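Residue numbers (the numbering used here), protein chains in the order written: chain A, 1 to 182; chain V, 1001 to 1131.
Warning: the hint list may mix true and false statements.
[Unchecked claim] For lysine to aspartate or glutamate, the following DMTMM-like pairs were computed, each having C-alpha atoms within a straight-line distance of at most 20 Å:
#	chain 1	residue 1	chain 2	residue 2
1	A	K165	V	E1106
2	A	K134	A	D30
3	A	K150	V	E1090
4	V	K1005	A	E160
No lab work stands behind these hints: they were computed from the structure. Please read all numbers here as calculations on a predicted model, not as lab measurements.
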Amino acid sequence: MKTLSEHILDIIQNSIRAKATLIEIIVTEDKKKDLCSLIIEDNGCGMNEEILKQATNPFFTSRNTRKVGLGLSLLKQNAEQANGSFNLVSETGKGTAVEASFQLSNLDRPPLGDVWNSYYLTLMSHDDIDINYKHVTENGIFSLKSRELKEMLGDISFMEKEIKKAIIELIKNNLKDINALN
Amino acid sequence: MTKIKSLADLKRIKEEVQSTIKLRENSDNPAQLVQIKVGMATCGIASGAKETMNYFVEELEQQAIDAVVTQTGCMGYCYAEPTVEITLPEKEPVVYGYVNKKKAEEIIDVYIKKGELVDGIIPISFKTIDE
Chain A
1 MKTLSEHILD IIQNSIRAKA TLIEIIVTED KKKDLCSLII EDNGCGMNEE ILKQATNPFF
61 TSRNTRKVGL GLSLLKQNAE QANGSFNLVS ETGKGTAVEA SFQLSNLDRP PLGDVWNSYY
121 LTLMSHDDID INYKHVTENG IFSLKSRELK EMLGDISFME KEIKKAIIEL IKNNLKDINA
181 LN
Chain V
1001 MTKIKSLADL KRIKEEVQST IKLRENSDNP AQLVQIKVGM ATCGIASGAK ETMNYFVEEL
1061 EQQAIDAVVT QTGCMGYCYA EPTVEITLPE KEPVVYGYVN KKKAEEIIDV YIKKGELVDG
1121 IIPISFKTID E
């Protein structure tokens, strides 16, 4: 995974498989502490202790289509390579929270990438799930809630060319305004 | 054009668009739509499934083909990612492997538009004559 946006796209798939109805993505940048953190929280089925212990083992997966499960392992590896840390909390029936932090100035910290595409493509595929994105920098906070988007759009489809362009532009412009990392 | 920064700006775009678009006749009847599922697990993403999916969304919209593009999990063909499952109306699903932009273009032009199979099918829903 080359960018945070690819990790986001990837980890959200876990939440979707866990039947989450609400997914929160929070990216925080703190220049003073030289820290960048990515938090993904869901209200899905969660994991019991046994599975939780195994979750970052690349040779463990809950799928039966293949024998490896690399999503969380790769995120953990990337965080640790960039002088950061990785934390996974989960409770059966309540949900799961993944937190990965990176040293902001570290050369190995992945760039943010096209987080707007990750957000849009997931939203388009799963319109029954609420997906919220929040990005915090010292210049401000950008927050986007999929429910508000949906309510506003009504019966106009996300797939309309103009709507797609507008949603992506909205995210890009706001991230630029708060001077989000790239 | 002013920059789009808030939901209010988006609403303005929506109202502009609303009057010009035709409502999709088939949107309540998914069986009549072309259904495209892009494998979007770790293996797919690492191989560029995001770009492939984006291409399908843009191209089908551009060419006004009624289709639903969604994400799906790993189908077990990690070696052939990005994989894409395409279901034409009233046909069996077909899975294609190694779908980059170029392959996606071929699939749209030849399979989706003309119904002719193109190379690169992974035999997943494969049936013998006896079945």
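Against the structure, the hints:
no.: 1; hint: A:K165 / V:E1106; verdict: violated, 25 Å
no.: 2; hint: A:K134 / A:D30; verdict: holds, 14 Å
no.: 3; hint: A:K150 / V:E1090; verdict: violated, 31 Å
no.: 4; hint: V:K1005 / A:E160; verdict: holds, 19 Å
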